[in-house]
Structures are given as C-alpha cells and as structure tokens.
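We have chain A already, so just place chain B on it with the hints.
Residue numbers (my numbering), protein chains in the order written: chain A, 191 to 373; chain B, 347 to 442.
Source of the hints: derived by calculation from the structure; they are not laboratory data. These numbers come from a predicted model, not from an experiment. Certain hints may be false.
Unchecked claim - Only pairs whose alpha carbons sit at most 30 Å apart, straight line, appear in this in silico DSSO-like list of lysine-lysine:
id : chain 1 : residue 1 : chain 2 : residue 2
1  : B       : K397      : B       : K440
2  : B       : K397      : B       : K433
3  : B       : K351      : A       : K342
4  : B       : K390      : B       : K433
5  : B       : K440      : B       : K390
6  : A       : K342      : B       : K390
Said to hold, decoys possible - Here are the computed distance ranges between Cβ atoms for each label pair:
id : chain 1 : residue 1 : chain 2 : residue 2 : range
7  : B       : S424      : A       : N252      : 36 to 44 Å
8  : B       : E418      : A       : T197      : 51 to 59 Å
9  : A       : T213      : B       : A442      : 51 to 59 Å
10 : A       : V226      : B       : T392      : 31 to 39 Å
All C-beta atoms, glycine included, are put in the ideal place defined by N, C-alpha and C.
These are the residues of each chain, in order.
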Amino acid sequence: MILGSPTYIATHTASSATSIEITSNIDSTYDTYMLVMTDMKPESTVGQKFGFNTDHAGTSYNNPHCSTNIMWSYNDDDSGADFSQGAGVLSDNSTTPVEMGHGVGNTSYAIQPGIFYIFDPSTATTETQYMWHITGYYATGDGTFGCWNNAKENGAGTISKIKFTAAGGSALFSGTIDMYGVS
Amino acid sequence: MARFKVVDNVRIQLTDAEEAELDAQAVAYEAGAFDRDIADLREKRTRLLTKTDWHGLSDITMSAAMTQYRQELRDLPSGLTTVDEVKAVVWPTKPA
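Looking at chain A on its own, in the form it has when it is part of the complex (with noise of 0.2 Å):
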C-alpha cells in the first residue's frame, strides 16, 4: 500500500499489440510511480504470462533484473488451495522479461489487474525497485491467482523507459495502464 497523493499523468491503451512501453514521463519528478492496470489479457495461444523490462538511454530493454514473488492459488471447484514462495529469478542483461503473473491464461474470460509500483527511477546512486500486485485467471487449474511480486535492477543508476509484454516477449495482448506519480 502506497500513501500520499497519487496524480493522474497518462494512459496507455493496447489492443492486439505486442508490447507496451512508456518512454516518457518516468523521472525525478516523482519518487513513486505507480502503474495500475485493468483488463490485461493475453490474446494469442502462448499468451499465458505478462512480462516487463526496463532501459534507460537505449531501446533494448535488457537491463538486468533479480525477482522473486509469493503465489497463491484456488480452483472454481472448491479444490486446490495453495501458496508458494516462486522460485528466484535473475534476469541477466537479457530481453526475457521478468515474470509478473503465474500462467494467466488466455480463455475469453481472463484477465490479469494489478498494480505495479516504480521506486526511486532517478536515482543514479541507487537500484531502482519494483514491487507489483497481481491477481487473475489461473489457467493451471481454472480458478484464481493472486501474488505479490518484487525486482530490483542489478546496478545503480537511473530508469526512464519500462516495456510491458505476454509470453516471453512475444504474444499478442491487450490492456490498459494507468500512471500516477505518487508524492
């Protein structure tokens, strides 16, 4: 839960698109941002996982990143709880993206919400964080999924562009994002 006082600064809306990525407006004019989105859903067959990366002065979002997250899960036929500590994932000056949801799915009712924080972006002595909330359509066992998520760069230094993805970088999706800057 983030306080103070979030202000709207833009939206960004994909329909049938490979990527979203904002290059724009992510400075030092706020120490927070936060990115909350609606109606996230994966569009083409292998579309089972949303993704981001980050970049700063280049396009090649392959900045490195280590992530971790905690997943639990329930079925719609009152089966399979369950919760879990995911297993560790170090991105390593790589374009894969880290992992944000936990195989969402890509039936016509499924989507993945959630709200995504950006901590410190502009701070060049220190690794920019994340930390995002996730809930959606577990298509592993047709019910619900919710985690909690955290990533860090690997290395000080500023961030101004992140790109949000499906499937390992390459599935069609569509979506829309949010942006606030928090104070």
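Just chain B now, kept in the frame of chain A:
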C-alpha cells in the same frame, strides 16, 4: 499480418527487424514449454512432499499408504517427455 506495439500510447507497426526478433523470441518461448511445465510440476510435487515430511519423524511410524503416496510423488516426473504428458499427469491422492 503486421504486428504493432504501443509506445507512449501511440500504436506503431513493428519494423522488419522487430518482427524477426519477436519471431525468434516466440520460437525460443515455445521451445521452452516443456522445461517450464516440468519445473512447475516439480515445484508442486516438492511442496506436497514437504507437507507430509512430518510423517517421517523418528517417533512416528509412517503408514504404508503414506509411504506409497510419497513414493508416487517422487516418481511423478519420471518418464515425462512432452508438454501433453505433463498436463495429463494424475496426482496421487493423499491418504486420510
């Protein structure tokens, strides 16, 4: 069919180079499907084993049914070689 990305809320058609890069990523992602699924299966299997570890304490006699259940869990990933086989796995029932 042309694909598009959204940059600062502007819909932009991918360049040929970006199309090729995404095609390569899609191939790589598909190629890793079995590895991802078997890793998920092993993770769940290990969690279920952990939940019954206490049956192995020295002052408790593990029942034959529990011994069989835990062995079936250990054996579950053996011989699985395809995504379809992983998805079709029938999990053993935990003894009462």
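Here is how each hint holds up against the structure:
no., hint, result
1, B:K397 to B:K440, "10 Å, holds"
2, B:K397 to B:K433, "23 Å, holds"
3, B:K351 to A:K342, "25 Å, holds"
4, B:K390 to B:K433, "13 Å, holds"
5, B:K440 to B:K390, "14 Å, holds"
6, A:K342 to B:K390, "26 Å, holds"
7, B:S424 to A:N252: 36 to 44 Å, "37 Å, holds"
8, B:E418 to A:T197: 51 to 59 Å, "56 Å, holds"
9, A:T213 to B:A442: 51 to 59 Å, "58 Å, holds"
10, A:V226 to B:T392: 31 to 39 Å, "35 Å, holds"
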